[in-house]
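K.L.:
Respectively, the protein sequence lines represent chains A and B. Under the numbering used here, residues -14 to 252 are what the first sequence spells out, in order. Under the numbering used here, residues -14 to 252 are what the second sequence spells out, in order.
Don't read these hints as lab results, they were simulated from the structure. The structure presented is a predicted model; accordingly, all values stated were derived computationally and were not measured. Among the hints, a few may not be true.
Same chains, same label: a pair holds when it works inside one copy or across any pair of copies.
Simulated pairs of lysine to any residue, SDA-like, Cα-Cα distance not exceeding 20 angstroms [to be verified]: (1) Lys46 x Ser113; (2) Lys93 x Leu10; (3) Lys46 x Arg62; (4) Lys46 x Leu198; (5) Lys93 x Ala118; (6) Lys46 x Ala247; (7) Lys76 x Gly16; (8) Lys76 x Pro236; (9) Lys46 x Tyr249; (10) Lys46 x Asp246; (11) Lys76 x Pro196; (12) Lys46 x Ile188; (13) Lys93 x Ala235; (14) Lys46 x Val251; (15) Lys93 x Arg81; (16) Lys76 x Val11; (17) Lys93 x Pro196.
Protein chains: 2
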Amino acid sequence: MADSSSVPAGLTPAELRLRFRAGGLVAPTSGLAPGFVQANLVILPQALAFDFLLFCQRNPKPCPLLEVVDAGSIEPRLMAPGADLRTDTPKYRVYRDGTLAAEPIDLKELWADDLISFLIGCSFTFESALIEAGIPVRHIEQCSNVPMYITSIPTAPAGVFHGPMVVSMRPVPAAQVVRAVQVTSRFPAVHGAPVHIGDPAAIGIRDIARPELGDPVEIRPGEVPIFWACGVTPQAAAMASRPPLMITHAPGHMFVTDRRDAEYSVL
Amino acid sequence: MADSSSVPAGLTPAELRLRFRAGGLVAPTSGLAPGFVQANLVILPQALAFDFLLFCQRNPKPCPLLEVVDAGSIEPRLMAPGADLRTDTPKYRVYRDGTLAAEPIDLKELWADDLISFLIGCSFTFESALIEAGIPVRHIEQCSNVPMYITSIPTAPAGVFHGPMVVSMRPVPAAQVVRAVQVTSRFPAVHGAPVHIGDPAAIGIRDIARPELGDPVEIRPGEVPIFWACGVTPQAAAMASRPPLMITHAPGHMFVTDRRDAEYSVL
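All chains, please: the whole structure from these sequences, using the hints.
P.N.:
Spelled out as C-alpha cells, the structure:
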C-alpha cells in the first residue's frame, strides 16, 4: 500500500479527494494538504443518529462535531462543497455489531438513503499549531502514527452509545507543557486542551510503551507525556455498544476538507 | 410581578431554585447568584429532538448547548444535580404551532415522559467577564433588559427548524472593542465572539433604537454597537417553524445552574 510520500506534493484538498475518488491512490493523509482541516468520519443509519449526535454533544473533547450531513446526502456542503463522502476518503472501515467487518476503499455498494454522516475534528489541526509554536511533535519527527490508548476515563453515555475515552499522547519538554496547553486550548473544535498531563496510570494506562493503537514513541528525559482526547473514541464506542452498522474512515486515512485550520481557532 | 431586587441577596443557585419551586417568587434572574451560569431552556417532544439537536450543532453561536437531558428526566445532572426542570425556572413559555399559548410558572400539568430538555448558554456569563475587564455593559447600568434584534442573518436549517438569527447588542467605547472581542471569544459555550461589529443595517437591523425584544439602550458618542448571537434564536425558530409544541423559559427568567461561569472559559 502507498504511503503519504507517494502522493504528489502541493495538491489542493479538492485535487486530493479526486485522486482518492478515482481509486488508484490509497494512502494515509498525514502531512497532505497542509493547513487544511482533516476530519474523522462516522456514518450511521438514521435510527442511530440521535443517540450518536447526543453522544458527541456530551463528549465534545473526543467527538468535536465539524458537520452533520443530512440523511442520504453524500456532500458535506460546509466543509467540502462538491465532495462525495462515498468515495473521497482513501479508506473506510465497516463495523457490524461492533466487529470490524471490512475495509473498503469506497462505499458505492454500501450506500443507502438513510445514512447520516458525521465529520469530527482531528488533532492534525492542532499539531500544526504546536509545531508553529516550536513544540516538537515526536510521532511526526519519527514518521509514525500517533500513539493511542484506551483509558479508564468513561465517556458520558447517550442512548446505545457508551465506552471508554481513547486518548492520543505526545511527549513535551517540561518547559513547554504550559505553552502546549495554551496552544491546543485555542482549538476546541479539534479536541482542544489536554485531558491529562503526566502519570499514565492515573487514567488507566498500564504500559505507555505499548499503545493499543498507532505506534509507540520515545519519551526523552525531561519530557512529560500529555494526553488529548482522540477522535478514535467513536470507534471504541462502536466496539463497546455494538450497533448493527457503523462506518468510519480507516485510522490515519482521513477525509480532507476545504476549510483552513486557522478558521477553527477561537482566538 | 416581582423584580430581581425583591429577591434576598446571597442565595446560592440551589436556594434560588427552591424559592422558584415553592412558587411564591416570580422574578427575572439577571444579577442573581453572580458567578454562576444561567441557561436558556428549550423543551421539546422526542419526535422533534433530533432536528433541534442538529439545529443547535449547526448554529453553535446562537444555540451553544450546555446539556441535553434524557427523555422524561426532570434533572439536569451535569448543570444542576437535584434540580427539577418542571418547577425550578421562575417562568416558562409554551408555544403551540409557533404561537405563544401560555406563560405558566411551572410545568407540573404539562410534563410528559417524552419531553427532552435542552439547556443553552446565556450571555450573562460573558457579561460578568466584560465587566471584570472594565468594559461597561449599558443595559446593566440602566437596569433594563438587553436589546435584541431579529436580523437578516439566516440560521443553518435542520429538519423542521429554520429562521433568522436573533442578536443582542451592547454599545462599547471604540477603544475597548478589540478587548470585548477577545474577552467573549474565550467563552464559546455561551455565544462566544460577536457576530457583527458596527453598522446595524449590514445585518438587516432597520432601527437600532427600536429592538424587537428587550429594551433600547443609549449609544453614546464614540461608542460602537457590537452584536452577539442570542439564545432567544430558538424561540424565533419556533415561531418560524411552527412545531406542535415547544416550551422555553420566559425571557429574562433563566434556569440558574450550579456551574461556575469560569468553568466555561476555554483559556
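K.L.:
State for each hint whether it applies.
P.N.:
Against the structure, the hints come out as follows:
Taking identical chains as interchangeable, the C-alpha atoms of lysine 46 and serine 113 lie at most 20 angstroms apart only when both belong to the same chain, with a minimum of 18 angstroms there against 26 angstroms between chains. In this homomeric assembly, lysine 93 and leucine 10 come within 20 angstroms of each other (Cα to Cα) only inside a single copy, at 16 angstroms, whereas the closest approach across copies is 60 angstroms. For a Cα distance limit of 20 angstroms, the shortest separation of lysine 46 from arginine 62 across copies, 19 angstroms, qualifies, whereas the shortest one inside one copy, 24 angstroms, does not. For a Cα distance limit of 20 angstroms, the shortest separation of lysine 46 from leucine 198 inside one copy, 19 angstroms, qualifies, whereas the shortest one across copies, 35 angstroms, does not.
When the C-alpha separation of lysine 93 and alanine 118 is checked against a cutoff of 20 angstroms, the pair qualifies neither within a copy, at 42 angstroms, nor between copies, at 55 angstroms. Taking CA atoms no more than 20 angstroms apart as the test, lysine 46 paired with alanine 247 passes in both settings, with 18 angstroms inside one copy and 18 angstroms between copies. Proximity of lysine 76 to glycine 16 under the C-alpha cut-off of 20 angstroms is restricted to the intra-copy arrangement: shortest distance 16 angstroms within a copy versus 53 angstroms between copies. Only within a single protomer do lysine 76 and proline 236 lie at most 20 angstroms apart by alpha-carbon distance; the minimum there is 9 angstroms, versus 49 angstroms between protomers.
In this assembly of identical chains, lysine 46 and tyrosine 249 lie within 20 angstroms of each other by CA distance both inside one copy and across copies; the values are 14 angstroms within and 14 angstroms between. With identical chains, the CA atoms of lysine 46 and aspartate 246 are at most 20 angstroms apart both within one copy (17 angstroms) and between copies (19 angstroms). Neither within a single protomer nor between protomers do lysine 76 and proline 196 lie at most 20 angstroms apart by alpha-carbon distance, with minima of 22 angstroms and 52 angstroms respectively. With identical chains, the CA atoms of lysine 46 and isoleucine 188 are at most 20 angstroms apart within one copy only, with a shortest distance of 15 angstroms there and 33 angstroms across copies.
In this assembly of identical chains, lysine 93 and alanine 235 lie within 20 angstroms of each other by CA distance solely inside one copy; the values are 16 angstroms within and 49 angstroms between copies. For a Cα distance limit of 20 angstroms, the shortest separation of lysine 46 from valine 251 qualifies both inside one copy, at 15 angstroms, and across copies, at 12 angstroms. In this assembly of identical chains, lysine 93 and arginine 81 lie within 20 angstroms of each other by CA distance solely inside one copy; the values are 17 angstroms within and 43 angstroms between copies. Only within a single protomer do lysine 76 and valine 11 lie at most 20 angstroms apart by alpha-carbon distance; the minimum there is 7 angstroms, versus 58 angstroms between protomers.
When the C-alpha separation of lysine 93 and proline 196 is checked against a cutoff of 20 angstroms, the pair qualifies neither within a copy, at 33 angstroms, nor between copies, at 52 angstroms.
In summary, the structure is inconsistent with hints 5, 11, 17 from the numbered list given earlier, while agreeing with the others.
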